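Chemist: Sequence:
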Amino acid sequence: MTSLLEGAKKLVTRGSDIGARLDGLEKAVDSAHGRVDESVLAETSALVQRSASRLRISADHTIVALAGATGSGKSTTFNALTGLELSAVGVRRPTTSWATACVWGSEGAPELLDWLGIPPRHQVTRDSMLSVGNEKDELDGVILLDLPDHDSTEVSHHLEVDRLVELADMLIWVLDPQKYADAAIHDRYLSKLTGYQDVMLVVLNQIDRVPAERRDAMVDDVRRLLAADGLTGVPVIPVSSREGWGVAELRSEIAKKVASKKVAKARLEADLRAAATTLQGYTGTAEVPTLSPQRVEALEDAFADAAGVPTVVKAVEDSTRLRANLATGWPVTAWAARFKPDPLKRLHLDLGAEGKMLTGAARTSVPQATQVQRARVDNEVRALVDDVTTGFKQNWAHAVRVASVSRLTDVNDRLDRALATTELGADRIPVWANAVRVLQWILILSAVTGAAWLALLMLGTGAGLSGTETPEVVGWPLPLFLLAGGIGLGIVLALVCRLLVSATAKRRARMAEARLRAAIHEVSEDLVVGPVRAELDNYAATRAGIAAALA
Numbered sequence: 001m002t003s004l005l006e007g008a009k010k011l012v013t014r015g016s017d018i019g020a021r022l023d024g025l026e027k028a029v030d031s032a033h034g035r036v037d038e039s040v041l042a043e044t045s046a047l048v049q050r051s052a053s054r055l056r057i058s059a060d061h062t063i064v065a066l067a068g069a070t071g072s073g074k075s076t077t078f079n080a081l082t083g084l085e086l087s088a089v090g091v092r093r094p095t096t097s098w099a100t101a102c103v104w105g106s107e108g109a110p111e112l113l114d115w116l117g118i119p120p121r122h123q124v125t126r127d128s129m130l131s132v133g134n135e136k137d138e139l140d141g142v143i144l145l146d147l148p149d150h151d152s153t154e155v156s157h158h159l160e161v162d163r164l165v166e167l168a169d170m171l172i173w174v175l176d177p178q179k180y181a182d183a184a185i186h187d188r189y190l191s192k193l194t195g196y197q198d199v200m201l202v203v204l205n206q207i208d209r210v211p212a213e214r215r216d217a218m219v220d221d222v223r224r225l226l227a228a229d230g231l232t233g234v235p236v237i238p239v240s241s242r243e244g245w246g247v248a249e250l251r252s253e254i255a256k257k258v259a260s261k262k263v264a265k266a267r268l269e270a271d272l273r274a275a276a277t278t279l280q281g282y283t284g285t286a287e288v289p290t291l292s293p294q295r296v297e298a299l300e301d302a303f304a305d306a307a308g309v310p311t312v313v314k315a316v317e318d319s320t321r322l323r324a325n326l327a328t329g330w331p332v333t334a335w336a337a338r339f340k341p342d343p344l345k346r347l348h349l350d351l352g353a354e355g356k357m358l359t360g361a362a363r364t365s366v367p368q369a370t371q372v373q374r375a376r377v378d379n380e381v382r383a384l385v386d387d388v389t390t391g392f393k394q395n396w397a398h399a400v401r402v403a404s405v406s407r408l409t410d411v412n413d414r415l416d417r418a419l420a421t422t423e424l425g426a427d428r429i430p431v432w433a434n435a436v437r438v439l440q441w442i443l444i445l446s447a448v449t450g451a452a453w454l455a456l457l458m459l460g461t462g463a464g465l466s467g468t469e470t471p472e473v474v475g476w477p478l479p480l481f482l483l484a485g486g487i488g489l490g491i492v493l494a495l496v497c498r499l500l501v502s503a504t505a506k507r508r509a510r511m512a513e514a515r516l517r518a519a520i521h522e523v524s525e526d527l528v529v530g531p532v533r534a535e536l537d538n539y540a541a542t543r544a545g546i547a548a549a550l551a
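Heads up: the sequence shown begins at 1 in the UniProt record's numbering, then just goes up one per residue.
Don't read these hints as lab results, they were simulated from the structure.
Straight-line Cα separation of at most 27 Å, DSSO-like style, residue types lysine-lysine; simulated pairs:
id: 1; residue 1: K393; residue 2: K27
id: 2; residue 1: K261; residue 2: K192
id: 3; residue 1: K262; residue 2: K27
id: 4; residue 1: K192; residue 2: K27
id: 5; residue 1: K314; residue 2: K506
id: 6; residue 1: K179; residue 2: K192
id: 7; residue 1: K265; residue 2: K192
id: 8; residue 1: K265; residue 2: K27
id: 9; residue 1: K192; residue 2: K393
id: 10; residue 1: K192; residue 2: K262
id: 11; residue 1: K192; residue 2: K256
So the derived label-pair ranges between C-beta atoms look like this:
id: 12; residue 1: G281; residue 2: V402; range: 16 to 24 Å
id: 13; residue 1: A181; residue 2: E249; range: 21 to 29 Å
id: 14; residue 1: G281; residue 2: A181; range: 27 to 35 Å
id: 15; residue 1: W115; residue 2: D37; range: 24 to 32 Å
id: 16; residue 1: A547; residue 2: H33; range: 15 to 23 Å
id: 17; residue 1: A375; residue 2: A228; range: 49 to 57 Å
id: 18; residue 1: D182; residue 2: R121; range: 28 to 36 Å
id: 19; residue 1: L291; residue 2: N395; range: 19 to 27 Å
id: 20; residue 1: N395; residue 2: S252; range: 47 to 55 Å
id: 21; residue 1: P235; residue 2: D182; range: 16 to 24 Å
id: 22; residue 1: Q371; residue 2: G488; range: 51 to 59 Å
id: 23; residue 1: H398; residue 2: L291; range: 14 to 22 Å
id: 24; residue 1: G230; residue 2: S406; range: 36 to 44 Å
Note that the coordinates shown come from a computational prediction; the quantities given were computed from them, not determined experimentally. We treat Cβ as the ideally placed atom computed from N, Cα and C, and that holds for glycine.
Whenever a hint applies, use it, and build me the whole structure from the sequences.
Modeler: What follows is the structure, given as structure tokens:
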């Protein structure tokens, strides 16, 4: 397909942008798979390939197809236009499903005839030995096709007509006075060719059988029926192929269109417009939306609540406070805190590498989401989808909705894994704690030293051994100063540390919450937001491709 499109883009088509439009339509089809009826996409893809093939084959020829019902005089018109008595050279109108082709200008035509699928036995080259004279015919560059009858009882004839109507650059519909209003041709073909006015002619044949005073009214009636089919402006030429009336005018009209070298391009453009319009009917014209940050944040809040993030954050704060108090509390009383359970360890969080190996790091003991929490997640997912699919066609809205819930079954495991693998930082003792511990022990030693000294002094006094003077500090005996200072300052330091521990615990909790929310963000992005955004990207690509095709 790529080579065909490249060939189409490189083809000299007088500034044509058809190559880019084909490329846009192909991209739209690729992006719409799974969101638009596959039969529509298959037809559109076939048209892209067919159009690209037509562009790279003979730009010097115009394919003109004569189509009509049984008895309309289509073959007589074909003979009148070619100027050949085909039966005289053994070429008869096919009774099979094949069309007959007459070519003006054989150079480059064989490849195009092969693309059309016309067998050699049904081909006539007008500039061969059958031609009279050496002058250039006004239909030079035309490949004229005489199609089977569209109302034939043979199914193969219907299929051949349908196939070649899609391939022809220009269509000439041959009607007759008796069946020009027949619903078979209007409903099956003409009403479906709205937008193809520039590459279409209508011939009212056998006009010689109509009274002269009624001919103009009949032609007007044909125009009225065509307008009802959405084909306003299509030339209607009254002709009598048998008598030769109007054949020159018909020839001239064909020659004028062919000479402009725009017929093939106009047909391709009409095909592209029709296909892009059909695809747009399934895609809609709603603007490409963007995900609301508020909706995404609300979804992450619901995920965080369902995952138990508030519980974990509270555990981080309590665990940090417990561990820091053990490290910095007054050693005389701090030992009692060792008997308190660590909140994080109870949740199987922040156990260290060895602990995770023993417990299986993927699972935590955070309480499972409640029914209310799960309902909140579902509601937020639904609200996010409803927000971005406003104005969407049902098929695209359904595709976005399916994408949003396609991985929700993994949400519990992913949220639990996010908690288990997030570094919470509660196991790290504050840097200042070591200095506090050293200072606490210094104060304890001071108090013990003072107490021992006082005990010795009291024993010495009781035994009558006092003889040395006790040193003093600011009027206090040094032993008493050491004892009171060690105890008093130790208690004050413990109180100060409690304030520091509380501030540290709150800061660690905020850091843990930020890390947990980042992990929750990744889960939300992977399970819901990412798939929804991918669908919106496909929608945007489809809309852009359709816009390029309609440009």
